[in-house]
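Peer 1: The chain contents come next:
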Amino acid sequence: MEKERKIVTISLLAGISVVIYLIESFLPSPVPWLRYGFSHIITLFALLFFGPKEALLIFIVRTVISSLIVGRLFSPTFFFGLGGGFVVVFFMAGLLSILDGRGLGIVGISVSGAWVNSLVQMLIAAMLFARHREIFLLLPVSLIFAVATGLINGIVVYYLNGYGQRALGYKSRYFPV
Amino acid sequence: MFTKWDKILIIALIVASAASYPAIRHFFPGEKYVSIEVLGEEIKVVRLGLHKEISVRGISGESIIRFDEFGARFVESPSSYKKCIGAGYVKDVGDVIHCEENGVTLRVIGSGRADRAKPDFITR
Numbered sequence: 000m001e002k003e004r005k006i007v008t009i010s011l012l013a014g015i016s017v018v019i020y021l022i023e024s025f026l027p028s029p030v031p032w033l034r035y036g037f038s039h040i041i042t043l044f045a046l047l048f049f050g051p052k053e054a055l056l057i058f059i060v061r062t063v064i065s066s067l068i069v070g071r072l073f074s075p076t077f078f079f080g081l082g083g084g085f086v087v088v089f090f091m092a093g094l095l096s097i098l099d100g101r102g103l104g105i106v107g108i109s110v111s112g113a114w115v116n117s118l119v120q121m122l123i124a125a126m127l128f129a130r131h132r133e134i135f136l137l138l139p140v141s142l143i144f145a146v147a148t149g150l151i152n153g154i155v156v157y158y159l160n161g162y163g164q165r166a167l168g169y170k171s172r173y174f175p176v
Numbered sequence: 000m001f002t003k004w005d006k007i008l009i010i011a012l013i014v015a016s017a018a019s020y021p022a023i024r025h026f027f028p029g030e031k032y033v034s035i036e037v038l039g040e041e042i043k044v045v046r047l048g049l050h051k052e053i054s055v056r057g058i059s060g061e062s063i064i065r066f067d068e069f070g071a072r073f074v075e076s077p078s079s080y081k082k083c084i085g086a087g088y089v090k091d092v093g094d095v096i097h098c099e100e101n102g103v104t105l106r107v108i109g110s111g112r113a114d115r116a117k118p119d120f121i122t123r
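Chains as they are written, first to last, in numbering that gives the first Met the number 0: chain A, 0 to 176; chain F, 0 to 123.
Don't read these hints as lab results, they were simulated from the structure.
Nothing here was measured: the structure is a model prediction, and the numbers come from that model.
Hints should not be assumed to be uniformly reliable.
Claimed, not checked - Partial chain A-side listing against chain F, Cβ under 10 Å, derived:
{"#": "1", "residue": "G82"}
{"#": "2", "residue": "R101"}
{"#": "3", "residue": "G102"}
{"#": "4", "residue": "G104"}
{"#": "5", "residue": "V106"}
{"#": "6", "residue": "G107"}
{"#": "7", "residue": "P139"}
{"#": "8", "residue": "I154"}
{"#": "9", "residue": "Y158"}
For glycine and all other residues, C-beta sits at the position ideal for the given N, C-alpha and C.
Could you build all of it, start to finish, from the sequences and the hints given here?
Peer 2: Next up, the structure:
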């Protein structure tokens, strides 16, 4: 019964993640290829309550389905998102596992994940698609932007962490209330 | 909501992000080009760093411009005192040599926007 509940919750999280991604794709972007990354709220939430394997699964399902819907499957932005996402899931999972709730809080984990994600995406863009200096000149803007979006994501996940434990009855692995 | 380390990390990341701009400008300098003009009209643009010689016909004869790893300079000029040759290399964006007697100008421009500076040398 517990297994089925977990499967249903993960499926719902993947669905919510796709919806967030789709809504986000309608928002104007200040820099080409730059995305807000609000769907990483769900990735971080899944990391806190389930673990890296489940978070990665949700991330892959979300990336493939939403890219398919918006017509970006196998486009440069798809690869940026996929590469950056893989790294960020493992990075945040590593941080959570090493720190184990000490030092950095949820917001700190989220901000550092968003920053690393942005850095990796820009490196992928520079290595695979455009080796122009101008690409690198976008990096400071996208990194500062990542701090801002990571902050928003972190605050949302901070409240979801309490909600997940009280309302859903799941136990947060690193930040129990 | 924010731990002490969260606040430190956020400030450090903002500083690192802002500091990346001068670092990128330093480690990825833009390509430079030399615009060759005769009587103010651009006749050729050559990338700096190439090894080549270009002959340009000005109003009083042939000027020869040499490009090498140090920049670009006049090596032959029909002008009376050969001061174009004595002016040496142009290599940085904004460097300009204008050989007035032959009407030939060398102007270093960047890859992004062309910096149209005033001449560093006007030689007769």
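Peer 1: Tell me if the interface restraint on A:I154 is satisfied: Cβ within less than 10 Å of some Cβ in chain F.
Peer 2: holds (7 Å)
Peer 1: Is the interface hint satisfied for A:G104? The criterion is a beta-carbon contact with chain F at less than 10 Å.
Peer 2: holds (4 Å)
Peer 1: Against chain F, run the beta carbon of A:V106 and see if the smallest gap drops under 10 Å.
Peer 2: With a closest approach of 5 Å, the A:V106 hint holds.
Peer 1: Do the numbers back the hint for A:Y158, that is, is its least Cβ distance to chain F under 10 Å?
Peer 2: holds (9 Å)
Peer 1: Going by Cβ atoms only, is A:G102 closer than 10 Å to chain F?
Peer 2: holds (5 Å)
Peer 1: Would you settle whether the hint for A:P139 is holds or violated, based on the nearest Cβ-Cβ distance to chain F being less than 10 Å?
Peer 2: At about 4 Å, which falls below the 10 Å cut-off, the nearest Cβ of chain F leaves the hint on A:P139 intact, so it holds.
Peer 1: Taking the least C-beta to C-beta distance, is A:G107 closer than 10 Å to chain F?
Peer 2: holds (4 Å)
Peer 1: Closer than 10 Å between Cβ atoms is the bar; does A:R101 clear it against chain F? Give me holds or violated.
Peer 2: holds (9 Å)
Peer 1: Answer holds if the nearest beta-carbon of chain F is closer than 10 Å to that of A:G82; otherwise answer violated.
Peer 2: violated (19 Å)
The structure does not agree with numbered hint 1 stated previously, though it agrees with all others.
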